[in-house]
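Trainee: Chain by chain, the residues run as shown.
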Amino acid sequence: MRNIWYRIHAPHVAKKVQPGQFVIVRAFKNGERIPLTPVMWDRDEGWIVLITFIRGRTTMRMANELKPGDEILNIAGPLGNPAEMEKFGKILAIGAYTGIVEVYPIAKAWQELGNEVTTLHVTFEPMVVLKDELEEAVGRHILETVPIDPNLDFPTNMKNVTKRLTEKVRELLEKEEYDMVFMVGPAGDQRAVFNVVKEFGIPMKSDLHPIMVDGTGMCGACRVTVGGEVKFACIDGPEFDAYQVNWDELIARSGYYTDMEQRAMQEYMKALQGGEQ
Amino acid sequence: MAVKRKIIKERVPTPEMPAEERIKSFAEVNLGYTFELAVKEAERCLQCPYNYAPCIKGCPVHIDIPGFISKLVQYRDDPDKAVKEALNVIWACNSLPATTGRVCPQEDQCEMNCVMGKVGDKINIGKLERFVADYAREKGIDEELLFEIIPKIEKKGQSVAIIGAGPAGLTAAGELAKLGYDVTIYEALHEAGGVLMYGIPEFRLPKSIVESEIDKLRKLGVKILTDHVVGRTVTIEELLEEYDAVFIGSGAGTPRLINAPGINLNGIYTANEFLTRVNLMKAYLFPEYDTPVKVGKRVVVIGAGNTAMDAARSARRFGAEVTIAYRRGPEDVSARVEEVHHAKEEGIKFEFYINPVEFIGDENGKVKAVKFEKMKALDERDSRGKRKIVGTGEYVTLEADTVIIAIGKHPNRLIVNTPGLKVERGRIVVDENLMTSIPGVFAGGDAIRGEATVILAMGDGRMAAKAIHEYLTKKRENRNA
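So the sequences go chain by chain: A and V.
If you use this note's numbering, the first sequence corresponds to residues 1 to 277, in order.
If you use this note's numbering, the second sequence corresponds to residues 1001 to 1481, in order.
One or more of the hints may lead you astray.
Calculated cross-link-like contacts (lysine to aspartate or glutamate; reagent style EDC-like; alpha-carbon spacing at most 20 Å) [what the hints assert, rightly or not]:
1. A:K15 / V:D1064
2. V:K1466 / V:D1064
3. A:K29 / V:E1363
4. A:K29 / V:D1108
5. A:K15 / V:E1237
6. V:K1294 / A:D241
7. V:K1081 / V:E1043
8. V:K1297 / A:D259
9. V:K1294 / V:E1202
10. A:K29 / V:E1358
11. V:K1122 / V:E1202
12. V:K1374 / V:E1358
13. V:K1366 / A:E116
14. V:K1282 / A:D259
15. V:K1118 / V:E1010
16. A:K159 / A:D248
17. V:K1368 / A:D248
18. V:K1294 / A:E116
19. V:K1009 / V:E1036
20. V:K1366 / A:D241
21. A:K231 / A:D241
22. V:K1297 / V:E1363
23. V:K1376 / V:E1394
24. A:K16 / V:E1237
25. V:K1474 / V:E1424
26. A:K231 / V:E1202
27. V:K1386 / V:D1108
28. A:K29 / V:E1288
29. A:K270 / V:E1237
30. A:K175 / A:E116
Some chain V residues close to chain A (C-beta under 7 Å, calculated; not the full set) [what the hints assert, rightly or not]:
31. T1233
32. E1237
33. T1254
34. P1255
35. R1413
Honestly, the hints are just simulated from the structure, not real lab data.
Glycine included, each C-beta is placed from N, C-alpha and C at the ideal position.
Based on the provided sequences and hints, a complete structural model is requested.
Mentor: Okay, here's the thing in structure tokens:
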């Protein structure tokens, strides 16, 4: 479960990208279009940095098949609306698992704007990323890792992360007064955190990642109900008011392809094993 | 050379793959003419004079139809020459004949007016156009012709940016390149073609054919920047700084949804999503291709336009039982006659006068049925000439594992949000020259029409190219004066 950094020459994206925006990458001819977040960029040199964790076949193929110097077929973007850049005051910015990758550029920009930013990263031990960068970029970075217990199945391990996450958020909110909570992470964890945050009545923004195909408002795959209205995360979001999101629906929609994703992954692993013989 | 001809009333049919075969694959349904069959059909044409020919009037891009058909007969002893001459006539107005020959609603356009229709079957114009394009491509005749045209192009030293590599944008690009302008297309998706790539299925329009037509535009000097989302990667204001004119052919980018409970249940696709997964991302080849799609045993498609037919017939190829549900009656179906006919042949059921009011889900948030209100038609007609419909208060429920919403689209919001761009009801407002409220910015296709056909978008592309040419000629003259 290592993370892989890709520094990619994509001047059309580097020129325009703002914290909060994403790109859609299609790395292979028969690959999927997947949304990823530019974590760092250089407008003059024209590159962006993407960080992926192996989560499905596409990210695994990227990790296995791309070598330094290779070309990625497509990067479209930047997409989505930039995060609001304002002085909110004291902010708790939470990244669960890979979510921290998206939190980084936003939290950094908020801190630079004069906000007092605390970032919280809760994840499995091997998935720690951007620790040094966040420590340097924001007022305070809190890292909470959860060991993977080999005796437990994966969903149970993930429940441990959710538990640690919500406990830590509660602890922080009880001790300190925040003006705003911001979060990126799986829909289930977002809801769990939101349930804590709403007890404290603090405003919360959620960066949502429903399943996406084109990312330009054309297909409607990423639709979410926000405040009773159907919104497209790609062009209306990705950031929404956590109090307005229909979490049950979002969670159900996010899991729709899990079985097929697993199948694709297994087929790929089988092919890899076959290739090694 | 007046030859007295015997009128042949019956159309020469094009071979088709049998329905039971074709629902097992995404291979093309219509197999097209051979040269012999094409000549036989071409001979039926009465050759109405150019200034009269009603077929030309019915064609949004005004192809000289009798002109190209006559070449097939005239050079019948030399098929290569016949096709080259015919293609030359078509290209004067249409850079994408392999596409239009397949997807135009000929029965409502050129063929609607065909004089032969008064005595027998109308000429099979679409299939003849398709034949010319296909034969030329297979024999490399189109390349030959292209390389004869290219050296004759006089460079103008002015540039045009085109937004969207769909039918409108591609047509405008082709015309402008032929006139000597430097043309760059900005395309949001990873492949050029727009709806031709993501929307129209392989069995109706093979993607290799679209790619080949786009390749010809590239050879004409048209640059295509894929992955460039106008409104995000670059704005129209920025394009205006860099280019002498801009054409918006961004299409109807955003799907319309039904305002009914349960619309976001799993298993409910917009036609755009479903078709994009299947066509552009080739989900029918999963897991060889990484993008998945889920097609249940029972599929309900809502809507009755061409997109609905495409979605229904695609779903059928996954082995599903498919029902098309439409709130109006059979006479208001807007899909092409040929597509409805193919759909029925493939075993797709039609249910009329039912309007969805609720999507019913199971405990996992997945759709399991659709509740419809039964509708009835009144004698009164609406602004589009369709009979008004009202609910009856009676309901019917259809079970469905997958629902596909194909009730239309709105123009892409990223583009219509441009400051200073006048927009009404989501559509870009243009003058009679297709110029928008921003000087030098033109628009056409679904971006101004809401939703139409490939050929209407191409007609706009061609008209806009002409208007842009005039606009830039003036600009050039003012600069030189």
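Trainee: Look at each hint and say if it fits the structure.
Mentor: Hints versus structure:
no. : hint              : result
1   : A:K15 / V:D1064   : violated, 47 Å
2   : V:K1466 / V:D1064 : holds, 18 Å
3   : A:K29 / V:E1363   : violated, 37 Å
4   : A:K29 / V:D1108   : violated, 38 Å
5   : A:K15 / V:E1237   : holds, 16 Å
6   : V:K1294 / A:D241  : violated, 31 Å
7   : V:K1081 / V:E1043 : holds, 17 Å
8   : V:K1297 / A:D259  : holds, 17 Å
9   : V:K1294 / V:E1202 : holds, 18 Å
10  : A:K29 / V:E1358   : violated, 39 Å
11  : V:K1122 / V:E1202 : violated, 27 Å
12  : V:K1374 / V:E1358 : holds, 13 Å
13  : V:K1366 / A:E116  : violated, 42 Å
14  : V:K1282 / A:D259  : holds, 18 Å
15  : V:K1118 / V:E1010 : holds, 12 Å
16  : A:K159 / A:D248   : holds, 17 Å
17  : V:K1368 / A:D248  : holds, 17 Å
18  : V:K1294 / A:E116  : violated, 46 Å
19  : V:K1009 / V:E1036 : holds, 18 Å
20  : V:K1366 / A:D241  : violated, 25 Å
21  : A:K231 / A:D241   : holds, 12 Å
22  : V:K1297 / V:E1363 : holds, 19 Å
23  : V:K1376 / V:E1394 : holds, 11 Å
24  : A:K16 / V:E1237   : holds, 14 Å
25  : V:K1474 / V:E1424 : violated, 29 Å
26  : A:K231 / V:E1202  : violated, 31 Å
27  : V:K1386 / V:D1108 : holds, 17 Å
28  : A:K29 / V:E1288   : holds, 11 Å
29  : A:K270 / V:E1237  : violated, 51 Å
30  : A:K175 / A:E116   : holds, 16 Å
31  : T1233             : holds, 5 Å
32  : E1237             : violated, 13 Å
33  : T1254             : holds, 5 Å
34  : P1255             : holds, 5 Å
35  : R1413             : holds, 6 Å
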